[in-house]
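For the record, the sequence lines run as chains D and A.
In terms of the UniProt record's numbering, the first sequence opens at residue 1 and continues consecutively.
In terms of the UniProt record's numbering, the second sequence opens at residue 1 and continues consecutively.
Do not take every clue at face value.
Label pairs and their calculated CB-CB ranges [said to hold, decoys possible]:
no. : chain 1 : residue 1 : chain 2 : residue 2 : range
1   : A       : Glu379    : D       : Pro87     : 37 to 45 Å
2   : A       : His138    : D       : His209    : 53 to 61 Å
3   : D       : Leu467    : A       : Ser17     : 32 to 40 Å
4   : D       : Gln208    : A       : Ser11     : 27 to 35 Å
5   : A       : Ser85     : D       : Ser461    : 18 to 26 Å
6   : A       : Pro87     : D       : Thr477    : 51 to 59 Å
7   : A       : Gln354    : D       : Val86     : 50 to 58 Å
8   : A       : Ser85     : D       : Ser85     : 35 to 43 Å
9   : D       : Pro358    : A       : Pro358    : 31 to 39 Å
No wet-lab data here; the hints were simulated from the structure.
Where a beta carbon is used, it is the ideal one built from N, C-alpha and C, also for glycine.
Number of protein chains: 2
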Amino acid sequence: MTTKTTKSVLSLESINSNVIEAEYAVRGEIVQIAQKLAKELEMGATLPFQKLVWCNIGNPQILGQKPVTYFRQVLSLCEYPELLSVPEVEKLFPTDVLSRARQLLEQIPGGVGAYSESAGAFVVRKLVAEAIARRDRHPCNPEEIYMTDGASPAVHYMMDLLIRDGRNDAVMVPIPQYPLYSATLTLYGGKLVPYMLNESCGWSLDVQHLRQQLHTAREQGLCVRGMVVINPGNPTGQCLSLQNQEDILVFCKEESLVLIADEVYQANIYDDKKEFFSFKKVVCDMGLLNEVPLVSLHSISKGFVGECGRRGGYMAVTGFPESVTEQILKLASINLCPNISGQICCALMMNPPQEGEPSFELYEKEKNVILGSLKRRAELLVSALNKLEGVSCNAAEGALYAFPRITLPQKAIDVAKSLGKSPDWLYCRDLLQQYGIVVVPGSGFGQADGTFHFRTTFLPSETDIGLVVDNLTSFHTKFMVQYGGIRNTNGTHHLNGCSDS
Amino acid sequence: MTTKTTKSVLSLESINSNVIEAEYAVRGEIVQIAQKLAKELEMGATLPFQKLVWCNIGNPQILGQKPVTYFRQVLSLCEYPELLSVPEVEKLFPTDVLSRARQLLEQIPGGVGAYSESAGAFVVRKLVAEAIARRDRHPCNPEEIYMTDGASPAVHYMMDLLIRDGRNDAVMVPIPQYPLYSATLTLYGGKLVPYMLNESCGWSLDVQHLRQQLHTAREQGLCVRGMVVINPGNPTGQCLSLQNQEDILVFCKEESLVLIADEVYQANIYDDKKEFFSFKKVVCDMGLLNEVPLVSLHSISKGFVGECGRRGGYMAVTGFPESVTEQILKLASINLCPNISGQICCALMMNPPQEGEPSFELYEKEKNVILGSLKRRAELLVSALNKLEGVSCNAAEGALYAFPRITLPQKAIDVAKSLGKSPDWLYCRDLLQQYGIVVVPGSGFGQADGTFHFRTTFLPSETDIGLVVDNLTSFHTKFMVQYGGIRNTNGTHHLNGCSDS
Numbered sequence: 001m002t003t004k005t006t007k008s009v010l011s012l013e014s015i016n017s018n019v020i021e022a023e024y025a026v027r028g029e030i031v032q033i034a035q036k037l038a039k040e041l042e043m044g045a046t047l048p049f050q051k052l053v054w055c056n057i058g059n060p061q062i063l064g065q066k067p068v069t070y071f072r073q074v075l076s077l078c079e080y081p082e083l084l085s086v087p088e089v090e091k092l093f094p095t096d097v098l099s100r101a102r103q104l105l106e107q108i109p110g111g112v113g114a115y116s117e118s119a120g121a122f123v124v125r126k127l128v129a130e131a132i133a134r135r136d137r138h139p140c141n142p143e144e145i146y147m148t149d150g151a152s153p154a155v156h157y158m159m160d161l162l163i164r165d166g167r168n169d170a171v172m173v174p175i176p177q178y179p180l181y182s183a184t185l186t187l188y189g190g191k192l193v194p195y196m197l198n199e200s201c202g203w204s205l206d207v208q209h210l211r212q213q214l215h216t217a218r219e220q221g222l223c224v225r226g227m228v229v230i231n232p233g234n235p236t237g238q239c240l241s242l243q244n245q246e247d248i249l250v251f252c253k254e255e256s257l258v259l260i261a262d263e264v265y266q267a268n269i270y271d272d273k274k275e276f277f278s279f280k281k282v283v284c285d286m287g288l289l290n291e292v293p294l295v296s297l298h299s300i301s302k303g304f305v306g307e308c309g310r311r312g313g314y315m316a317v318t319g320f321p322e323s324v325t326e327q328i329l330k331l332a333s334i335n336l337c338p339n340i341s342g343q344i345c346c347a348l349m350m351n352p353p354q355e356g357e358p359s360f361e362l363y364e365k366e367k368n369v370i371l372g373s374l375k376r377r378a379e380l381l382v383s384a385l386n387k388l389e390g391v392s393c394n395a396a397e398g399a400l401y402a403f404p405r406i407t408l409p410q411k412a413i414d415v416a417k418s419l420g421k422s423p424d425w426l427y428c429r430d431l432l433q434q435y436g437i438v439v440v441p442g443s444g445f446g447q448a449d450g451t452f453h454f455r456t457t458f459l460p461s462e463t464d465i466g467l468v469v470d471n472l473t474s475f476h477t478k479f480m481v482q483y484g485g486i487r488n489t490n491g492t493h494h495l496n497g498c499s500d501s
Numbered sequence: 001m002t003t004k005t006t007k008s009v010l011s012l013e014s015i016n017s018n019v020i021e022a023e024y025a026v027r028g029e030i031v032q033i034a035q036k037l038a039k040e041l042e043m044g045a046t047l048p049f050q051k052l053v054w055c056n057i058g059n060p061q062i063l064g065q066k067p068v069t070y071f072r073q074v075l076s077l078c079e080y081p082e083l084l085s086v087p088e089v090e091k092l093f094p095t096d097v098l099s100r101a102r103q104l105l106e107q108i109p110g111g112v113g114a115y116s117e118s119a120g121a122f123v124v125r126k127l128v129a130e131a132i133a134r135r136d137r138h139p140c141n142p143e144e145i146y147m148t149d150g151a152s153p154a155v156h157y158m159m160d161l162l163i164r165d166g167r168n169d170a171v172m173v174p175i176p177q178y179p180l181y182s183a184t185l186t187l188y189g190g191k192l193v194p195y196m197l198n199e200s201c202g203w204s205l206d207v208q209h210l211r212q213q214l215h216t217a218r219e220q221g222l223c224v225r226g227m228v229v230i231n232p233g234n235p236t237g238q239c240l241s242l243q244n245q246e247d248i249l250v251f252c253k254e255e256s257l258v259l260i261a262d263e264v265y266q267a268n269i270y271d272d273k274k275e276f277f278s279f280k281k282v283v284c285d286m287g288l289l290n291e292v293p294l295v296s297l298h299s300i301s302k303g304f305v306g307e308c309g310r311r312g313g314y315m316a317v318t319g320f321p322e323s324v325t326e327q328i329l330k331l332a333s334i335n336l337c338p339n340i341s342g343q344i345c346c347a348l349m350m351n352p353p354q355e356g357e358p359s360f361e362l363y364e365k366e367k368n369v370i371l372g373s374l375k376r377r378a379e380l381l382v383s384a385l386n387k388l389e390g391v392s393c394n395a396a397e398g399a400l401y402a403f404p405r406i407t408l409p410q411k412a413i414d415v416a417k418s419l420g421k422s423p424d425w426l427y428c429r430d431l432l433q434q435y436g437i438v439v440v441p442g443s444g445f446g447q448a449d450g451t452f453h454f455r456t457t458f459l460p461s462e463t464d465i466g467l468v469v470d471n472l473t474s475f476h477t478k479f480m481v482q483y484g485g486i487r488n489t490n491g492t493h494h495l496n497g498c499s500d501s
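I would like the entire structure built from these sequences, with the hints used as guidance.
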């Protein structure tokens, strides 16, 4: 009597095609090959290198960056509050660490072992909001703040909210971009409307181009719901000008777009002439706070904090109707709550020790050592890259990455094509196999047609980065020889086509 | 020249309707009212009670349950490894804690501050796999294990994988169910095919009924992809019989269903005649390991561990083709990695101190105190509920909840209807407003038509639970009087309709 319709056998043919189509290059195929090589090395295999150098992802502590002492001391006491009662504790921890831990434990019901409110523990959101208010010199309400496990869940929430079934919904994303945006758009069934950053002009953003891209997309029947800005840029490192930020906000207002501002690199600025301004500050300064729906993302994984493994961050949501923020809260509540240690670390990052407090001096020293070293390493790497044949690289004004353009020999392009791969994939694969250096092909981030890049962090320690530069140089030279050089191909290029900067 | 199509203004009308339709009662409207009342109390308001009693969610540490010392000691050292080098450390921590922390820090590259592999740090997966192998007496490969931030992300991954656009995909879910399943199904655009648990027979599961429901769903054009089993049950607390488990596996094999086994309450069994068997063990015993795609979920939030705020858990995936597990890994990699402290805590939960180790005695004592107390509290609460007019409640064989059936006066049913609410919502709302006790209406979990329930944890401490029982009794009596009692309505009922148990 019962008729069975097709049974579903579990296979690539029977699962959600959005999942299959989603790509996330930062942990993509090159990284999977690297992980296999790492396991071979562990098993005693002989390879052309002794260890892998993980430049594929901003993960500083895996490359030896020391955690900031103050954060870890407070977190350690929050984990095991009994320590606060032993006589030795005064010898082991500074007094401001003890009082900060006591304050947090008093105000977080159940401590690190209990679910908090879904948006995060109230004291944490209050501390974060106060810090944002100090940073921007504009009020910030704790109710604007949603704590998250790193910045990634915030992007999921926004894509889930904005992308509707069968409505051709789309979001504008910079190219090159951090592939979390393309991946989540694909997962939720949305379309990516690209806007190109201008490489020849320091990866700057042209608002006129934004308008063109939006209108083209609309003519094609897409419903453009929002726009992603990454400032400072990832993988490109540029820091937006204030004028750019104002233009973007006017654009979003006029075109009724939600602005998703990825500001996770706000503490990583290396160019003394550049300054980070949050979109929250700019939108307030312009008097547009209630007219532009703005989601600002921050994270403890980047900056000099580098607490990637802890998964902490927040999103600050302004200009949304309450009926919609209630839906964000519901999405958060379906995940119960972000982990409490990550929440605490975020509150500490935003409220570090102040002058006069016992931990202040060490904290400042650790911060300045990390940031100073990152700046030196960025300059060393970019300068070395620019010395290579056919390679040009914009200065990293901010963030943790260099994104050099590489002009590849025609033979390399042909070989890659025959493998069904992009030419920059071939370059990165060979670099990995010959020197153990793990970088990500530019094609994983998007790039102008006919150009090739790779993204590398400058996170290897100052002792290691010289060797990385040397190995990269040796590899590049060999690669160019192996594939016959760049004579008769797309030629060298220069990054000096910028008229107004 | 450019024509603008409709602008999208941000409103309930313009966001993803799946998000709007998703419901998560455990943190739903009753809990939101409770949070407002809690804030009013904080501001000094006079209410009929002095504090809220949060029985809506399994969150033991917010109700005073002490964390297990061993876990917290190891985690505290992993947070701040410098402690391992101070002379006092030997006085502050047992030696097995020190060596466990040292071992984990050596084997987790970058410690708790670095992203791990997306599936989790290898040493953690290895420790978890070894523990599963010991539990089930069957081999377990670390590659089967994906660490997660609590069990919830695993449910997201599976729904995302199984539910395709426009294909009428569906998953079988028990009624009553834990509303994470209905919420994620709605979010990913899937359909819920219910199968009823038999309340009059201790919430048991009837495999013949499963088949009927499946065939009915298929006749309606649904493509049924998988089946959720919660064992021990949530909100129902029942522990499945081995025969039931075997039948379910045969059913999944015959009908090509993925089995999602929510086993997060596996350490919470209170009935001495009942025993927990994992579906992994049963599928191995039956020789069906490679024939039934099985996803088993576990978490550090439940059991006696109760580390909810840390967000740790794992899913063990067997019987899947490699092409599909690669897609799960990609989904995990888009989220970078689960938080490391949660991963470590999960490894510790699965590998507690052993007899002869310095921490063993305290660990066993803490575990037994918590589990013994939970058992007493469960019995006290269920027995008190069964004394109330028109209330009947199955014994809680496992998990953390009682799910009593309440027969409500017709007048209450009418009043609720006039408010556009379910009658059990009215009951829970009044209980909250009059006594500050927060429980969740049965309608949030699903229930047989015409029946009403609520879910309450038995997590208030032994000092508090007596008061909860007294207040619940007073409330219930008053409620029944207020609404005219249950004469002339659906009458009382008895839970003795079970023929074969």
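Hint check against the structure, violated hint numbers in rising order: 3, 7 and 8
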